[in-house]
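A.B. asks: Below, each chain spelled out in residue letters.
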Amino acid sequence: MIPIEAVIVLGLLLFAIGFVGVVVRKNLVVMLMSLELLLNGANVILVGLGRRLDSPRGTIFAMFVIIMAVSEAAVGFALVLAYFRQKKSYDVDALDDLKG
Amino acid sequence: MFVLIPLFPLLGAAVNGLIGIRGFSRRAVGATAVGAAGMSFAAAVAAFVGLLRSAEPAIVKTLFTWLPPSLVRTASGSLASLRVDLSFHYDSLAAVMTLVVTGVGLLIHIYSLGYMAHDKSYARYFSYLNLFTFAMLILVLGANLGVMFIGWEGVGLCSYLLIGFWFRKDSASNAGKKAFITNRVGDFGFLLGTGLLVYALGTIDIAGIAAAVEGGALAKGTATAAALLLFLGATGKSAQIPLYTWLPDAMEGPTPVSALIHAATMVTAGVYMVARLHVLFSFSGTALTVVALTGAITAVYAATMAFVQTDIKRVLAYSTISQIGFMFIGLGVGAYAAGIFHLMTHAFFKSLLFLAAGSVIHALSGEQDMRRMGGLRARIPRTYRVFLIGALAISGFPGLSGFFSKDEILASAFASGQYLVWALGLAGAAMTAFYMFRLIFMTFFGEERFTEKAGEPVHESPPVMLVPLQVLAVLAVIGGYIGLPRLLGGRAWFTRFLERTTGAHEAGLAPGTEALLMAASVAAALGAIYAAYVIYVKKRGEPARRFAERCRALYQTVLRKYYVDEFYGKVFVGGVFAAGRIADWIDRRVIDGLVDGTAGVARRVSRLAILFDERAVDGAVNGVGKAHLAASSVLRRLQTGHIYNYALAVMLGVALVITIAVAVF
Amino acid sequence: MITLAVFTFFAVLAVAGAVLVIVQKNVMHSVLYLAFTVLATAGVFFTLQAEYLGAIQILVYGGGIVVLYIFVIIIVNLKEVVPERRSLLPKLVLVAVPVAVGAEVAYLLLARGFPVAEAGGEGMGFETMAETLFGSYLFPFELASVLLLAVLVGAIIIARRKLIHDPD
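Line by line, the protein sequences are chains A, B and C. Be aware that the first sequence starts at 0, since it is given in numbering that gives the first Met the number 0, and climbs by one per residue. Be aware that the second sequence starts at 0, since it is given in numbering that gives the first Met the number 0, and climbs by one per residue. Be aware that the third sequence starts at 0, since it is given in numbering that gives the first Met the number 0, and climbs by one per residue.
What the hints contain is simulated information worked out from the structure, not anything from laboratory work. Bear in mind that the values here come from a model prediction, so they are computed numbers and not experimental data. We put the CB at the ideal spot given by N, CA and C, even for glycine. Just to be clear, a hint being listed does not mean it is correct.
[Claimed, not checked] Capping the alpha-carbon separation at 27 Å, the derived lysine-lysine pairs in BS3-like fashion look like this:
id: 1; chain 1: B; residue 1: Lys560; chain 2: B; residue 2: Lys176
id: 2; chain 1: C; residue 1: Lys24; chain 2: A; residue 2: Lys87
id: 3; chain 1: C; residue 1: Lys90; chain 2: A; residue 2: Lys25
id: 4; chain 1: B; residue 1: Lys176; chain 2: B; residue 2: Lys569
id: 5; chain 1: C; residue 1: Lys24; chain 2: C; residue 2: Lys90
id: 6; chain 1: A; residue 1: Lys86; chain 2: A; residue 2: Lys25
id: 7; chain 1: B; residue 1: Lys168; chain 2: B; residue 2: Lys569
id: 8; chain 1: B; residue 1: Lys119; chain 2: B; residue 2: Lys176
id: 9; chain 1: B; residue 1: Lys119; chain 2: B; residue 2: Lys168
id: 10; chain 1: A; residue 1: Lys25; chain 2: C; residue 2: Lys24
id: 11; chain 1: B; residue 1: Lys560; chain 2: B; residue 2: Lys168
id: 12; chain 1: A; residue 1: Lys87; chain 2: A; residue 2: Lys25
id: 13; chain 1: C; residue 1: Lys24; chain 2: A; residue 2: Lys86
id: 14; chain 1: C; residue 1: Lys90; chain 2: A; residue 2: Lys86
[Stated by the list, open to error] Label-pair restraints from in silico Cβ distances:
id: 15; chain 1: C; residue 1: Gly134; chain 2: B; residue 2: Leu3; range: 24 to 34 Å
id: 16; chain 1: C; residue 1: Phe140; chain 2: B; residue 2: Ala577; range: 41 to 51 Å
id: 17; chain 1: B; residue 1: Gly194; chain 2: C; residue 2: Gly134; range: 21 to 31 Å
id: 18; chain 1: B; residue 1: Thr556; chain 2: A; residue 2: Leu78; range: 47 to 57 Å
id: 19; chain 1: C; residue 1: Ala149; chain 2: B; residue 2: Arg485; range: 57 to 67 Å
id: 20; chain 1: C; residue 1: Ile155; chain 2: B; residue 2: Ala54; range: 49 to 59 Å
id: 21; chain 1: B; residue 1: Ala577; chain 2: C; residue 2: Leu91; range: 22 to 32 Å
Assemble the whole structure, with the sequences as input and the hints as a guide.
C.D. replies: And the structure:
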């Protein structure tokens, strides 16, 4: 039997690594990949808790997260392509149209 | 069957919004929208007849389970099963509201056909209007706070869309944002109140809450807190102190929108919600007193601002705020039926007034300033007649609808022993009569102060606009008779019908006292109308100008809406400004390692200090604008535009929330 | 015991892969490590007896998303190396925040303990899962398909060269 604590720590680690990737890296594509890591971390925790409560809901929610991740990747790439066409760069620092 | 009522507007909105916007002719768009509103009204009438026939006090219809049951530990430590259904609830209160929303809504849809005839975004407009009707009906019919919240947010969204309908105009899009953000503050109160009820009772079903409260499951303090939080939501939606500032600005939207949303329906959402949760408010007692006082103060306060406005729609906007204050007085003294009665009559005469004002504006090709009107009585006689009826009704002229409903509220306030509330209410009623007739006299009497543009003579509106006005005028006259008090030989049918839902409320006044109160409010209304006549017709507004001249400071204060907008700007924007300064410092020092950040901030602080000096010397108004500029120049530093900074901010927020959670639990 | 060992093995692989994803300079290498992490996570799912999800993870993530990443990198010819931030201090701060959050969550969750399954939980078998998914969660499930359709359309429109003009 796998202790729930271990699962949660694993999930948190993946989440934290993903988050660090999002904020530290400046390459748009790597940022998107980090988002996938982040979602994976959440999935691990969901599945772990589902197992703990002996309920299928954890798995089902993880499935919805995967569906969302697919959508996010598809739209994200479309945005990357559109962005690249405009700025010829992947540097997020060039992405500052929201600057006040 | 009543579930069909909100379905038609939703279909109408979908058809017009998805298909109509691309290919429909104007005729088809109009037919779809009006047809949807009409069918919805027909369904509402059918449901109403069904309710009258049935012996059941309420019908509940559950469509499906929205959130499956989950265990929550309530404050008392017991486990409750929280389950939220998508379910609707129809009783006499909901019946009245659906009839008002769909009935007045239908008339306004018809009126819009004429008023918006020349607008480019015809389909978009009608799609929004249908969507609004749908959201409002969901709000009214929702059987639990969750479903109600969908409608609650929905009307807020549609209000935003419609206020900012002419979004290419800066003032319109700003007014839309202001309405949305102000409402957001109130909505947050609503959510917190709902959360508190979940925490305390483990249910958000309205019937369940009522049962739990009556069963004594709720402590008085908790009930008061929950009721006050929910009431904060009501003040946002119903534009009461302190969250009323958005409503006058909302007049940037098309006039039929002002009539439908900002007079007849959405702003009454708060009133409806309090009446719907009357068990909770009654149980708390304290909350009820707060409701009554807020209503009474708002009624008078908003009326003072209506005195000095010169924009015809803004006068009506402040009048709306004031009238909703009356409704809250009714609720706050426990006379729920009286409050809802006034809600209904107000829907008739206020939408009449707004639409008639729209007709005036239409006649003058867009002029809204009353100082450039005058003498229109002979030029647009039909509009004048319906406008006069509306003004008499709102002033409480004996025999018209406003008289009965307002009188019932004042009588209930007096009977409850809250004489302060009653006195404020009476003063508000007199002031209402005064400013309404100031408006009438400035607009329709005296010499003509407008200049006719070549090619656009002053013209009466087309029948498609006048007919709804005439229907509303008839309603404004006879609407009161369904609630004719016993004293005048009636049977107070409306009150008894509503009391099937809200429980009996006896005013308990001796007939003599009641007659005396009635005489007092009639005297106040007639006196105020006469005063307005003397000042604005006989003396051509001279006394008013002299008064404004003499009490310049007072006049300016009222004209500037008591500087509340400026105050909110300063306190809230200023608060963010301080936070921005701190965040700016961290951002520069830590993230980018810039050393000169501190110097810049210090410079800005000193600039602000100088500004403050100037302000203290120069006095109020000028400096506030500058402070805004300075604040925004610092605040914009916070918006680096870099996505990772925003992500970091989100994460810091999460960290803070979790820290609080760790500390508390 | 064996399960725990397998779990630990996959967990270490996943974390190591994740770290490598975010430290690689070359994007292509990052993608390969991402695939690595994804597969290791699928292994974790298997040890947690969520075989179905593990399979989906391999199919959708390993087969779909990772390949999509590779395609995009090839299409846009991602040779340019984006200059990263140089100074160490901001990086440390940025790392510290999620770590602190993680520690807090861990503390909050672990210190309290977890509820065990009530007597006779629903079970995690395929049958229960299917019944729940197509029962209680039918509506969200259908909504998910609407979402995917919207994404399909949206991605095409965004990635198109020409902007469509607003007819309004």
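A.B. asks: Straight-line Cα separation of Lys86 of chain A and Lys25 of chain A no greater than 27 Å?
C.D. replies: Holds, at about 15 Å.
A.B. asks: Mind checking the alpha carbons of Lys90 of chain C and Lys25 of chain A for me, to see if they're no more than 27 Å apart?
C.D. replies: Distance ~12 Å between Lys90 of chain C and Lys25 of chain A Cα, so the pair holds.
A.B. asks: Could you see if the CB distance from Ala577 of chain B to Leu91 of chain C stays within 22 to 32 Å?
C.D. replies: 28 Å, holds
A.B. asks: Under the criterion that the straight-line Cα-Cα distance not exceed 27 Å, is the pair Lys24 of chain C, Lys86 of chain A satisfied?
C.D. replies: 21 Å, holds
A.B. asks: With the threshold set at 27 Å, check whether the alpha-carbon distance from Lys24 of chain C to Lys90 of chain C stays at or below it.
C.D. replies: 16 Å, holds
A.B. asks: When you check the alpha-carbon spacing of Lys25 of chain A and Lys24 of chain C, does it fall within 27 Å?
C.D. replies: 11 Å, holds
A.B. asks: Is Lys168 of chain B within 27 Å of Lys569 of chain B, Cα to Cα?
C.D. replies: Answer holds: Lys168 of chain B to Lys569 of chain B is near 25 Å, not above 27 Å.
A.B. asks: Between Lys87 of chain A and Lys25 of chain A, does the CA-CA distance stay at or below 27 Å?
C.D. replies: 15 Å, holds
A.B. asks: Can you let me know if the beta-carbon spacing of Thr556 of chain B and Leu78 of chain A is within 47 to 57 Å?
C.D. replies: Given range 47 to 57 Å: holds, Cβ gap about 51 Å.
A.B. asks: Given the proposed pairing of Lys176 of chain B with Lys569 of chain B, does the C-alpha separation stay at or below 27 Å?
C.D. replies: 18 Å, holds
A.B. asks: Does Lys560 of chain B pair with Lys168 of chain B here, judged by a C-alpha cut-off of 27 Å?
C.D. replies: The given pair, whose Cα atoms are some 23 Å apart, holds under the 27 Å limit.
A.B. asks: Does the Cβ pair Gly134 of chain C, Leu3 of chain B satisfy 24 to 34 Å?
C.D. replies: Cβ of Gly134 of chain C to Cβ of Leu3 of chain B: about 27 Å, so the range 24 to 34 Å holds.
Every hint, counting from the list given before, is met by this structure.
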